[in-house]
Amino acid sequence: MDIEKVEAQIISAFASVEYPGDWCLRGSNEGDEPYLLEQEFKGKTNWRILDPKFLDQAPSGYSSALSFFSDEAFHFYLPGYLIADLRGQLEQSRPFSYLSLGLDDDSRNQQINPRRYGARTWFDHAQYRFSMFNRDEALAIVAYLTWARDADDYARPRIDEALRNYWNPRATGVQDR
8 MDIEKVEAQI ISAFASVEYP GDWCLRGSNE GDEPYLLEQE FKGKTNWRIL DPKFLDQAPS
68 GYSSALSFFS DEAFHFYLPG YLIADLRGQL EQSRPFSYLS LGLDDDSRNQ QINPRRYGAR
128 TWFDHAQYRF SMFNRDEALA IVAYLTWARD ADDYARPRID EALRNYWNPR ATGVQDR
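Residues 8 to 184 (our numbering) make up the sequence shown, in order.
Don't read these hints as lab results, they were simulated from the structure.
For clarity, every value in this text was computed on a predicted model and none was experimentally measured.
The reader is advised that the hints may include incorrect statements.
BS3-like, lysine-lysine: derived pairs with alpha carbons at most 30 Å apart [said to hold, decoys possible]:
1) 60 with 49
2) 12 with 51
3) 12 with 60
Quick list of the computed label-pair ranges, beta carbon to beta carbon [as the list claims (entries may be wrong)]:
4) 95 with 53: 36 to 44 Å
5) 29 with 164: 36 to 44 Å
6) 96 with 180: 28 to 36 Å
7) 118 with 8: 20 to 28 Å
8) 122 with 61: 34 to 42 Å
9) 53 with 98: 20 to 28 Å
10) 25 with 122: 13 to 21 Å
11) 138 with 19: 18 to 26 Å
12) 46 with 181: 37 to 45 Å
13) 134 with 31: 14 to 22 Å
14) 126 with 176: 16 to 24 Å
15) 12 with 171: 17 to 25 Å
16) 135 with 180: 26 to 34 Å
17) 60 with 134: 27 to 35 Å
Ideal placement from N, C-alpha and C gives every residue a C-beta, glycine not left out.
Modelling step: build the complete structure from the supplied sequences, incorporating the hints.
Shown next, in the form of structure tokens:
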């Protein structure tokens, strides 16, 4: 797969995504990491110029930013992570994991936390989070995941399931809504 083409597709697809605002960076109020994330990403309005090492380690060396971003911040910063991964610049963060959790067969029907969220499953959560991605963005994610699948034999089954269960239908517009 031509990495430069995938990178160009990501850049083009996400070109119009706007910075969510400093007030909308963290998606959780629990623990220290969301607040560290908020401090470190505050004012970072251009994902294109962020140092891949910063992305890989944020916040504060935990490498967990993709876990704690608000949906809007995840949408905004994701292309920076995808491109850094394509370029081999990430050591800790694995964007494909965040794009496949809840969409693979093993986690799809698992309830997140029944006492807190009732019957909500990881698939429900993923579907909601990714509902803000438009078709071009979904196509770019499919291109990235296809590359990631080919680059990581261990993750291949999980990525294949995520592509089959969600991303391919979403990108081609045949997914039930």
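So, going through the hints one by one against the coordinates:
1. At roughly 17 Å between alpha-carbon atoms, residue 60 and residue 49 fall within 30 Å of each other, so this suggested pair holds.
2. Restraint check for residue 12 and residue 51: the C-alpha separation of about 26 Å stays at or below 30 Å, so the hint holds.
3. Between residue 12 and residue 60 the CA atoms are separated by roughly 23 Å; this keeps the pair inside 30 Å, and the hint holds.
4. Checked against the hint of 36 to 44 Å, the pair residue 95 and residue 53 fails, with Cβ atoms roughly 22 Å apart.
5. In this structure the supplied range 36 to 44 Å holds for residue 29 paired with residue 164, their Cβ-Cβ distance being about 39 Å.
6. Look at residue 96 against residue 180: about 32 Å separates their beta carbons, and that is inside 28 to 36 Å.
7. Range check, residue 118 to residue 8: Cβ separation about 36 Å, and the 20 to 28 Å hint is violated.
8. Checked against the hint of 34 to 42 Å, the pair residue 122 and residue 61 passes, with Cβ atoms roughly 36 Å apart.
9. Range check, residue 53 to residue 98: Cβ separation about 23 Å, and the 20 to 28 Å hint holds.
10. Here the CB-CB span from residue 25 to residue 122 is close to 36 Å, at odds with the stated 13 to 21 Å.
11. Separated by about 21 Å at the C-beta atoms, residue 138 and residue 19 satisfy the suggested range of 18 to 26 Å.
12. Checked against the given bound of 37 to 45 Å, the beta carbons of residue 46 and residue 181, roughly 42 Å apart, stay inside it.
13. Taking 14 to 22 Å as the suggested C-beta distance range, the pair residue 134 and residue 31 conforms, at roughly 20 Å.
14. The supplied range of 16 to 24 Å is met by residue 126 and residue 176, whose beta-carbon atoms lie about 23 Å from each other.
15. Between residue 12 and residue 171 the beta carbon distance is about 23 Å. The supplied range of 17 to 25 Å therefore holds.
16. For residue 135 and residue 180, the Cβ-Cβ distance of about 19 Å falls outside the hinted range of 26 to 34 Å, so the restraint is violated.
17. Here the CB-CB span from residue 60 to residue 134 is close to 32 Å, well matched to the stated 27 to 35 Å.
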